[in-house]
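Q: Sequence:
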Amino acid sequence: MARLFVYAVIVWIAYFLVKKIGRALVGPSGPRDQVRGPVSDAELIRDPQCGAYFLKQKGVKGVVEGQVIHFCSEQCYDKYLKSRSHY
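9 is the number that the numbering used here gives to position 9 of the sequence shown; each next residue is one higher, with no gaps.
If you are wondering where the hints come from, they were derived from the structure by calculation, not from laboratory data. Incorrect hints may have been included.
DSS-like cross-link-like pairs, simulated, lysine-lysine; straight-line CA separation at most 30 Å [to be verified]:
1) K61 to K79
2) K79 to K58
3) K56 to K19
4) K58 to K82
5) K61 to K82
6) K56 to K20
Computed spacing ranges between beta-carbons, pair by pair [what the hints assert, rightly or not]:
7) G51 to Y7: 57 to 63 Å
8) K56 to V18: 17 to 23 Å
9) S83 to A24: 55 to 61 Å
10) Y53 to K20: 39 to 45 Å
11) K20 to G51: 44 to 50 Å
12) A24 to R3: 52 to 58 Å
13) E43 to L17: 53 to 59 Å
14) V26 to V6: 27 to 33 Å
15) K19 to I45: 52 to 58 Å
16) K79 to R23: 39 to 45 Å
17) L44 to G66: 21 to 27 Å
18) S83 to I45: 39 to 45 Å
19) S73 to K20: 50 to 56 Å
20) L25 to L55: 46 to 52 Å
Ideal Cβ positions, reconstructed from N, Cα and C, are used throughout, including at glycine.
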């Protein structure tokens with residue numbers, strides 16, 4: 001029984017040593033240790049035509065019935081206008 005206890009203690013010590021050495025080799029990780037850059041004004045929005053999400057500043061602005069609507073591309077804007085003309 002004492003031998004089993006000694007083996008368990010050795011395994012426990014080895015585990016923590018390996019864990020500590022691993023952290024030293026890899027470096028800091030996790031949200032607390034990471035250096036974060038400035039927060040950007042990136043906003044993801046959904047294209048009403050195809051449903052794709054895209055950055056607002058990368059999209060195409062279109063005016064439909066006096067409302068500004070953002071699209072992922074000129075093609076989606078054109079398709080949206082064509083689909084609206086059927087009503």
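Q: For each hint, tell me whether it holds in the structure or not.
A: Status of the hints after comparison with the structure:
Note on K61 and K79: the hinted pairing holds, with a Cα-Cα distance of about 14 Å set against a maximum of 30 Å. For the hint linking K79 to K58, the alpha-carbon distance of about 18 Å falls within 30 Å, and the restraint holds. A hinted pair counts as satisfied when its Cα atoms are at most 30 Å apart, and K56 with K19 does not qualify at roughly 43 Å. Pair hint K58 plus K82 holds up; C-alpha atoms about 22 Å apart against a cutoff of 30 Å.
A distance of roughly 16 Å separates the Cα atoms of K61 and K82; the hinted pair therefore holds under the 30 Å criterion. Pair hint K56 plus K20 does not hold up; C-alpha atoms about 44 Å apart against a cutoff of 30 Å. Range check, G51 to Y7: about 59 Å between beta-carbon atoms, so the 57 to 63 Å window is met. For K56 and V18, the Cβ-Cβ distance of about 47 Å falls outside the hinted range of 17 to 23 Å, so the restraint is violated.
Taken as a hint, the range 55 to 61 Å holds for the pair S83 and A24, whose Cβ atoms sit roughly 59 Å apart. Separated by about 42 Å at the C-beta atoms, Y53 and K20 satisfy the suggested range of 39 to 45 Å. Evaluation of the 44 to 50 Å hint for K20 and G51 yields a pass: the beta carbon distance comes to about 48 Å. The hinted range of 52 to 58 Å is not satisfied by A24 and R3, whose Cβ atoms lie roughly 32 Å apart.
Remark: the range hint 53 to 59 Å for E43 to L17 is contradicted by a beta-carbon distance near 47 Å. Against the hinted window of 27 to 33 Å, the Cβ-Cβ separation of V26 and V6 comes to about 31 Å, which satisfies the hint. Taking the beta carbon of each, K19 and I45 are about 43 Å apart, not inside 52 to 58 Å as hinted. The given range of 39 to 45 Å is broken by K79 and R23, whose C-beta atoms sit roughly 53 Å from each other.
For L44 and G66, the Cβ-Cβ distance of about 25 Å falls inside the hinted range of 21 to 27 Å, so the restraint holds. For the pair S83 and I45, the supplied restraint of 39 to 45 Å is violated, since their beta-carbon distance comes to about 19 Å. One distance hint, 50 to 56 Å for the beta-carbon pair S73 and K20, holds here, with the actual separation near 52 Å. For L25 paired with L55, a C-beta distance near 37 Å fails the hint of 46 to 52 Å.
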